[in-house]
Amino acid sequence: MRISPAILWVVFLSGLVGSGQTLADIAVIASNESPLSALTPHEVADLYLGLTRSVGAHAEFSVVVYEHPDNSLRANFYRILNGMSINQLNAYWARLQFSGAVLPPVRLPDSQAVLDAVSHHSNAIGYIETNRLNDSVKVLRLFQEGQGNDPSVRPVASQ
Amino acid sequence: MPHRIAQHPRPPTVVRAELAVLAGLALLLLVAPQVQASDLLSLSGFGTLGYQADNNSYVAPTRDISQLPRNLYAAGPSWRMDSRLGVQVTSKPNPNVDLVAQVVVRDQYKSSLDSATEFAYVALHPNTSLDLRLGRVGYSAFLMADYRNVGYAYPWVRPPVEFYGWIPIFSVDGVDAAYSVQRDDAVWRMKAQFGKSHVWLPLASGVGGGYQFKTDNLSTFSLSRQSSFLRLKAAYSSFTAKTDAPIIAPLEAGLDQVASAGIPGVSANAAALDSQVSFKGARVGYTTLGAAYDNNTWLLQTEIGRSTSSAHVVPTGRMAYASVGRRFGDWMPFCMVSTYRPGAMLNASAYDMGAALNASLGSAAEKLVNYTRINQTTTSLGVRWDFRPHAALKLQWDSTRSQPPGFGIGNFAHGLNLQSVHLDQITATVDFIF
Chain E
63 MRISPAILWV VFLSGLVGSG QTLADIAVIA SNESPLSALT PHEVADLYLG
113 LTRSVGAHAE FSVVVYEHPD NSLRANFYRI LNGMSINQLN AYWARLQFSG
163 AVLPPVRLPD SQAVLDAVSH HSNAIGYIET NRLNDSVKVL RLFQEGQGND
213 PSVRPVASQ
Chain L
22 MPHRIAQHPR PPTVVRAELA VLAGLALLLL VAPQVQASDL LSLSGFGTLG
72 YQADNNSYVA PTRDISQLPR NLYAAGPSWR MDSRLGVQVT SKPNPNVDLV
122 AQVVVRDQYK SSLDSATEFA YVALHPNTSL DLRLGRVGYS AFLMADYRNV
172 GYAYPWVRPP VEFYGWIPIF SVDGVDAAYS VQRDDAVWRM KAQFGKSHVW
222 LPLASGVGGG YQFKTDNLST FSLSRQSSFL RLKAAYSSFT AKTDAPIIAP
272 LEAGLDQVAS AGIPGVSANA AALDSQVSFK GARVGYTTLG AAYDNNTWLL
322 QTEIGRSTSS AHVVPTGRMA YASVGRRFGD WMPFCMVSTY RPGAMLNASA
372 YDMGAALNAS LGSAAEKLVN YTRINQTTTS LGVRWDFRPH AALKLQWDST
422 RSQPPGFGIG NFAHGLNLQS VHLDQITATV DFIF
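Chains as they are written, first to last, in our numbering: chain E, 63 to 221; chain L, 22 to 455.
Incorrect hints may appear among the rest.
With beta-carbon atoms standing in for the labels, derived distance ranges [as the list claims (entries may be wrong)]:
no.: 1; chain 1: L; residue 1: R204; chain 2: E; residue 2: S198; range: 29 to 39 Å
no.: 2; chain 1: E; residue 1: A179; chain 2: L; residue 2: W100; range: 38 to 48 Å
no.: 3; chain 1: L; residue 1: L62; chain 2: E; residue 2: S198; range: 48 to 58 Å
no.: 4; chain 1: E; residue 1: P97; chain 2: L; residue 2: R339; range: 31 to 41 Å
no.: 5; chain 1: E; residue 1: P171; chain 2: L; residue 2: G97; range: 44 to 54 Å
no.: 6; chain 1: E; residue 1: N196; chain 2: L; residue 2: N115; range: 54 to 64 Å
FYI, nobody ran anything at the bench for these hints, they're computed from the structure.
Beta carbons are placed, not taken as given, at the ideal position from N, Cα and C, and that holds for glycine.
Chain L with its partners taken away, still in its complex shape (with noise of 0.2 Å):
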């Protein structure tokens, strides 16, 4: 997405919030085992204590695109970034019905309850192979893609961000159904998903307090397949976007001028490249295919995706990531290369609105659409250890290349969108469960 503008200095208030949080974090860490659950009301959760830290000063890394940190690309080793707290709650009134609400605290550009309300569902289980939800519910369209809070679940510090990083749907209020059939060794399990989404990007945050990226119509269709040692996942999403970005609106308010000026060959072409520029009324699909294997001692994972767009503003690609662990005992040596590849970029001279208006609202066009691209490959190594039977420890080195032209997947100063940028950061944390 395109670099922020303008910084937020957090007051004094929030960083005591940030401090309490953290406190907090340390203290479940140490009473977890220790938490019990009822058999009407139960109560559990997980969380990550972790700390960044990069080696470069014009470049702050985030988790994933709903983050802002705090001196925007000034930002030094940091605790918010992969810092997060989950608390779910479930009850099961009766046999055939859970219901389901699971809250996580951590870094956003903007919080709130709603934002941090992963799920709120009733779950029915009408027979023994169908599943129906009803509610906010985890978006299923990629491997993990409902669980990238739960750190403890997997081997890294954080999801690969070139494949993870970039999704602007973390939940989906509406409805999904599953059903499951066993054939011989294998569990077959094919699931349908419908509903929106909404969540709020630092898109130019300076310029108009961000985004709420808003989508409707959104369905995902899943297949997945877990047998011995093997899971098994291909998917397919679409949605609209309902929203455009402050951002753009000006470049809009000229090309719409334009277009309904009723100039021919120069309007419609304006019209044309206007629906290039706006996120909203884009129509967005993902195909992904992924795969993990786990014999109890190797552990292989491996995902590879495409992004499509009825607009170029919207970021297009193929994406892939690998990865290779190890136990030995509870320790589990790992290393992962994850990368984006963009799709074409924006070139207005194909929409011919004459020199004069080419130079002007196509070159506008052009910058801020060709901002969202990217391409960017990390490396991984790193180690995890499960020091406990609710609590690992993990220490992770990534080194991140980012190529023109396009703003990866972070925070980057101006300017470095147009260069080629090396990136190294370690990062230690503390993932559990309770």
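Pulled out of the complex, with its shape left as it was, chain E reads as follows (with noise of 0.2 Å):
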């Protein structure tokens, strides 16, 4: 039996979009109290990456940093930030956290948890999908699916 290409291309392009992932666009988020108003790239990998505990014009403010499990969402948003992997992420704070440099972010279950946490201290922020913002949190920094990383933001050696 002969199978048209066109069949084909279609049942090809099928398998790709049913084997995707959603992906959402990802907010950086910080209380309504906070004293912070907005975050570049660069603040924002130095938060989430232990170089940093406080952003320029603030820093005095102690940052506390709420971070995911290894999901799809931690994935991209590292994707999009600096273009790191969770294997390279998870080396990396291999090296700070065992080395007694840095501890790392408190790790939540999930972006609900997240939202949450944020939302009641003043001094924290978080990451979480766009869909899910409400009125209790305001945005620091849009991440934009399709935004292209920029891998110079990463600011250290990651092995």
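With the hints as a guide, bring both chains together as one complex.
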């Protein structure tokens, strides 16, 4: 039986669509009470990679960072932010954590937990999908899917 | 360091304990991703299951100088050399205070809770730029001295032994302070560390039951810079050795006797030679420069260093390594060259004690001290495969050449300090974190 090339292409493309993950835009958030109003990608990277605990204009304000487990949201966040894979990120944090240099960010189970924690702590930041935003938090930085990552904002050799 | 003289067969209970540790490592690898931390007290860790084999029946390589292979240089393929398990407990009673303890079970000449405790400190963060730590902390003199055990954090199966294998300091009991400042797109970090250390070394273990190498007045100053793809670190560390090795005691007694005899022109030279063969009182310095570059595709890392000492008996020289790796998805092939070039040999004839004493004491001093020389180079090829988000499989081939005189890093059979030695070894490890 001969199968039309057009049908093969339809099957191929539908397979691609079916196997693809649904990717959402990601917002870095803080409590409405937070003195922070916006963050640059460099500042987000510095905070999330443990290089700094504060942001330039608020040098005395110590920021607590909330992180996600190894899920697709975390993978997308760092892929958009600086192109690091989960494997690289885990190796990077293994170095910092087990050398005693910096403790890793607090991991919460899901976006709702991050939203709740950030909204109740004025010194905390987190990241969630934009479709989960509500009035209890403000957006410090928006990372849109399809936006090219900037590897130069990853500030340290990862391994 | 000098070769080991006596064998110490392990009793069956130790073998069973090793099997239990290996079983535990395998179990942890399976359950690692399921381990969760709580807010008040978090438990995390790392481990390596490693298997190593080599082609030389007269040399047993070691990961570092705290190890003594079970059957000395006759050791065959081994799970012991690279396998280890680390557990870290962290508590954060308030945002400005951390309590951290880390215990690493690994192959050591003398294992105890004390030797397994890598960290046990309280960290204070009085402001966003300053970090203070008090207790047992990691040694900060080298680019990766404080995470040598964390195989998951680096590409190779082990840090280059010519650069890290001979360092007799694993942890520091004391204090350190680090100050960070951001300038443009880089973070600068200045760190000072003070304290002391101790470790059991299997130096001529058959003669005196090993050697507890103690240091005091240890101070380390480092400056690091972290920017886009590049991590740089410069450091200087110095300390005073506090203890002598039993194997050197008879020689020292002889030299002391001559030194105190009050023989004009001879006693002074005997005292001077005594100071060259004595670990105790030696002032040792390490100077290092390191760089690591990672642009998500290429990973380059290099360090150069220099070791100096006021006494010849402490190995001195220059050391360096360079490594290149390239990521292809979850795979990263890499290559590395590392080398240690020794400082000057002891020439006992420079200490004139008369023909008879030079032939006995002087000759013995030369022999013992020049045992400790290291002239060794290793070329390595390998690959790392991150087959799971928390685990990586590594395969590595090392070709090591050691030149006389002096024993290299590892356990060498008698007489090999006077010969060129070539060793090929292959190692497979699974490194994981939890």
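Against the structure, the hints come out as follows:
| no. | hint | in the structure |
| --- | --- | --- |
| 1 | L:R204 / E:S198: 29 to 39 Å | holds, 36 Å |
| 2 | E:A179 / L:W100: 38 to 48 Å | holds, 43 Å |
| 3 | L:L62 / E:S198: 48 to 58 Å | violated, 29 Å |
| 4 | E:P97 / L:R339: 31 to 41 Å | violated, 51 Å |
| 5 | E:P171 / L:G97: 44 to 54 Å | holds, 47 Å |
| 6 | E:N196 / L:N115: 54 to 64 Å | violated, 29 Å |
Violated hints, listed in ascending order, are 3, 4 and 6; each of the other numbered hints is respected by the structure.
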